[in-house]
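Use the sequences and the hints to build the structure in full.
So the sequence shown is numbered by numbering that gives the first Met the number 0: it starts at 0 and just counts up by one.
No wet-lab data here; the hints were simulated from the structure.
Because the structure is a prediction, the values reported are computed rather than measured.
Virtual Cβ for every residue (Gly too), placed ideally from N, Cα, C.
Warning: the hint list may mix true and false statements.
The calculated label-pair distances, taken between Cβ atoms and stated as ranges, are [unchecked claim]:
(1) 234 <-> 207: 37 to 43 Å
(2) 242 <-> 93: 29 to 35 Å
(3) 66 <-> 41: 18 to 24 Å
(4) 8 <-> 119: 38 to 44 Å
(5) 222 <-> 81: 28 to 34 Å
(6) 3 <-> 81: 31 to 37 Å
(7) 144 <-> 230: 17 to 23 Å
(8) 234 <-> 3: 25 to 31 Å
(9) 222 <-> 74: 27 to 33 Å
(10) 139 <-> 191: 18 to 24 Å
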Amino acid sequence: MYTVTLWEFAVLAAASILVGFSKTAVSGANTVSLAIFAAVLPARESTGVLLPLLIVGDLLAVRTYRRHAHWGTLVRLFPAVAAGVVMGTVFLLWAGDAEVRTSIGAILLLMAGVTVWRRRTAAQAEAPATTPDADGAGARLKAGSYGVLGGFTTMVANAGGPVMSLYLLSAGFRKLGFLGTSAWFFLIVNVAKVPFSVGLGLIDARSLLLDALLALFVLPGAYIGKACVDRINQRLFERLVIGATVLGGLQLLLR
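The structure is reproduced here in C-alpha cells:
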C-alpha cells in the first residue's frame, strides 16, 4: 500500500466523501478531490487510485438518478469521448506531472469562461433553455468538441466532470436530467477507462488496497449529496458547478 500518514489518510478520506457528494449533488466539485489526491499522492499515480472511487460514486449516482438520463445526448457524445480517451492515453505515455496539471487546469478555466459568456449572451437574447438541445448540426458539433475534451481530460486526470458538466449546462439540462445523464455517462466511461489505466500502470494491487479503505467514505458523501440536492435551486446549482470548475482549474495551475 502507498505509505501515508494518519493525517494524509484523513485528508484523502475527506476527498473521498466529496467524490460521493459530487456524484449525487454538484457534479464538477470533484475537481477539488482531484487536486487533493494529486497533492497527497504522486500526481500521476493518484489518477489510478481515484478512478475506482469514482466508479463507486457512479454506481451510487446511477442507482439514485437512473430514470432521468437523456440517452440521445449520450449516444451523441460517446464517439467523440472515445477519441478523446485515446488521445489522453497517448498524452500520458510521454507527459510528466507538470504538463498534465497545466493542460487540464487551462482547459477547465477556458471552458468555464466560455460557458459563462454563452449563458449571459443567451440570457440577453431569450429565456434560458429548459430542455436539452435538439438534434442538429450545431448540437452534434458542440457534442463532438465537448466530447473530445471530456474524454481527454477524464483519461489524463479524471477531470472530465467539469467539462461534461459545462456541456450539459450549456445544452439546457435541468437538475435531475443533468444528474441522471452525467451518472450514466461517467459510469460507462470510467469503467471503459480501467483497461487503459491498468495498461499504463496506474491501477495495481497497491492502489486497489488503498481504494478498499477509501471507498467506505464515498458512501456517506453520496448520501449527503442526495439529501442536499433538493434544497439547491437551479441558479445556485449552476453557480456551484461553474465555481467548482474554476476552483479546480486554479488549483491545478497554481500547484
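Going through the hints against the structure:
For residue 234 paired with residue 207, a C-beta distance near 40 Å keeps the hint of 37 to 43 Å intact. Look at residue 242 against residue 93: about 33 Å separates their beta carbons, and that is inside 29 to 35 Å. Between residue 66 and residue 41 the beta carbon distance is about 40 Å. The supplied range of 18 to 24 Å is therefore violated. Checked against the given bound of 38 to 44 Å, the beta carbons of residue 8 and residue 119, roughly 43 Å apart, stay inside it.
Separation of residue 222 from residue 81 is about 33 Å and conforms to the stated range, judged on CB atoms against 28 to 34 Å. Our hint of 31 to 37 Å for residue 3 and residue 81 holds, since their Cβ atoms are close to 34 Å apart. Distance hint for residue 144 and residue 230: a CB-CB separation of about 34 Å, inconsistent with the stated range 17 to 23 Å. Between residue 234 and residue 3 the C-beta distance comes to about 39 Å, which lies outside the given range of 25 to 31 Å.
At about 31 Å, the beta-carbon gap between residue 222 and residue 74 stays in the expected band of 27 to 33 Å. The given range of 18 to 24 Å is respected by residue 139 and residue 191, whose C-beta atoms sit roughly 21 Å from each other.
In summary, the numbered hints that this structure violates are 3, 7, 8.
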